[in-house]
Amino acid sequence: MSLLDYFRSTKKNTANTAKERLQIIVAHERKRRNGPDYLPQLERDILEVIRKYVDIPADQIAVSLEQRGDQISVLELNVTFPDDKR
Amino acid sequence: MAKIIVVTSGKGGVGKTTSSAAIGTGLALAGHKTVIVDFDIGLRNLDLIMGCERRVVYDFVNVINGEANLKQTLIKDKRTDNLFILPASQTRDKDALTRDGVEKVLNELAKDFDFIICDSPAGIESGAMMALYFADEAVVVTNPEVSSVRDSDRILGMLSSKSRRAEQGLEGIKEHLLLTRYNPERVEKGEMLSVEDVKEILAIELVGVIPESQAVLNASNSGQPVILDKESDAGQAYLDTIKRLLGEQVPFRFLNVEKKGFIKRIFGG
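Taken in sequence, the protein lines are chains A and B.
The opening residue of the first sequence carries number 741 in my numbering; numbering runs sequentially from there.
The opening residue of the second sequence carries number 17 in my numbering; numbering runs sequentially from there.
Just chain B, same shape as in the assembly (with noise of 0.2 Å):
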């Protein structure tokens, strides 16, 4: 049976397209048939973060109208095996995803793999709402800054109240909570929220926190998942979240910051 993940915040720009690159791939790396499928109708960007913008030919709303089938649709990533994205649709028409179709497909996919990927659309209007419906797990992805908190909120209540799993009177959602963007410098400082603060708040079980790294960037202008970036903290620390959403227990890293020299020490910088 397929576990299905959604990938969620509220707010955009915190990285939840990022994050389910790199959760995909290192779902997939660690052996797992895994698909990543974009719900961000009309603003389609998981493709070229995965680097295969140039490969989509049909999109999630042409399988769910019966225009193409999910083996024309679904693009095969060429670096990682067992992993595979549907892309979104172009179109302008909001409410392309009926909960019909969305269903019909979802179990269509889970019959063909382990887990499913869901990368939700900022926002809580249809879309997103559409993305987190069939969801067994969540990933809230959080930046440390207070919009981006008060949104993750709003989304677990969402989560809790507006999912299948809440409808039909199952066992809830189970939430993780991923900190992304995190600086430990500005927190050592005071300037910002720390990883205890967002926990606390919040009331989630925590399952990775990303530093802030040039790294993502980096990946994103070559359509790499930074997760591949081996050598980088964003890196590390995705593989690190892959091993705890999977149930290992790791060690949190990157969340204190380096230490520096006496010289630097005494005279900052």
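For reference, chain A alone in the conformation it holds in the complex (with noise of 0.2 Å):
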């Protein structure tokens, strides 16, 4: 770095937003890909139910299906409800 840009720059770095940003939508897409089809389908269905109850947003639900050893899958489902609403 020459000194004009360190005299110049407080700019933040990019490159790790970028970064951090891929490691999670990689990590969220590569979960849904060895899920099964349905998934997504089962994840609106879902939250279609709760929405009847309360307002919660769509990205407060998270369904997952996660397979353990070769006899268990454990579909985990995980909603956040907001503070006032409880």
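None of these hints come from the bench; they were simulated from the model.
One thing to keep in mind: the hints can contain errors.
Simulated crosslink set (DSS-like; lysine-lysine; CA at most 27 Å straight-line) [what the hints assert, rightly or not]:
1) B/K190 x B/K120
2) A/K759 x B/K27
3) A/K771 x B/K27
4) B/K92 x A/K759
5) B/K92 x B/K127
6) A/K752 x B/K205
7) A/K752 x B/K120
8) B/K49 x B/K246
9) B/K27 x B/K215
10) B/K127 x A/K771
Hints are included, so try docking the two chains, each in its own frame, into the full complex.
Right, here's the structure in full:
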């Protein structure tokens, strides 16, 4: 970095931002890729049902199917309720 | 037995055709009989990059439909021995490539060639899926940029689930990462993902890093694969890539900023 740059810049490092964003989205998409095709629809349906009672945004629900050993698959449902609606 | 290598990326404009031309030419230079097959039906461009656009008589789809044989259709490269091009068709019919047809042509090519390079179209539609289906190895061309890295990851998913090797339960396609348009200055400033960043996210073995280079546009302007420009940084980086593809250990070059003089370091520029 040159002397001029040193005084000029308090610029933030966008490459790090890119890396963090990519790590999150890629991990998310890989999980989905390995799951069954019906999972996104199941997620939407569950969201609809919950929304009949509590108004939650779409990104506050996560559904995943995890394979544990040969015999057991675990369907995990994670819903974050907003504080004031409890 | 011929080795089938697909050059793919998901995203368009990252350098698939440039890389296909360079890799095909490099393998032929190394003494291997090589054919580059353009799978981009409707948007044929490999012929332009290879400088043989005026010698196209028949194309891939003609061969599949039995309207011409391979001998009539293959274009022999005039600069490099052992190198042939199978041009794509300019038809608008996207379904002109059938899996049986492609398999028949690849089987016939496999009798005669050491390497078959499949230049994939962008996207994840039938042409791209057809290009990767029969592959033994894949070169995943990626730019150090968010959308390209994400699309490459998507393609890696396809390679491991939608290929012949996956469907038949064979050993998976060997995946190679080829990072193109790399700009060490911008990486140093924290404006561009580094080689290490991309490797960490995609988690596949790195086969080459091609620096962003004036030589690439000059090469495509004149219809010469950039690997023939042996003076250029990009040309040398592709030559290194070929050695690694063939199993040699070669140190990576062009990853760091060239050292500047004292005056430049003080005042920038």
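How the hints compare with the structure:
| no. | hint | result |
| --- | --- | --- |
| 1 | B/K190 x B/K120 | holds, 23 Å |
| 2 | A/K759 x B/K27 | holds, 18 Å |
| 3 | A/K771 x B/K27 | holds, 21 Å |
| 4 | B/K92 x A/K759 | violated, 43 Å |
| 5 | B/K92 x B/K127 | holds, 17 Å |
| 6 | A/K752 x B/K205 | holds, 10 Å |
| 7 | A/K752 x B/K120 | violated, 54 Å |
| 8 | B/K49 x B/K246 | holds, 21 Å |
| 9 | B/K27 x B/K215 | holds, 18 Å |
| 10 | B/K127 x A/K771 | violated, 40 Å |
Checked against the numbered hints given earlier, the structure breaks hints 4, 7 and 10 and satisfies all the rest.
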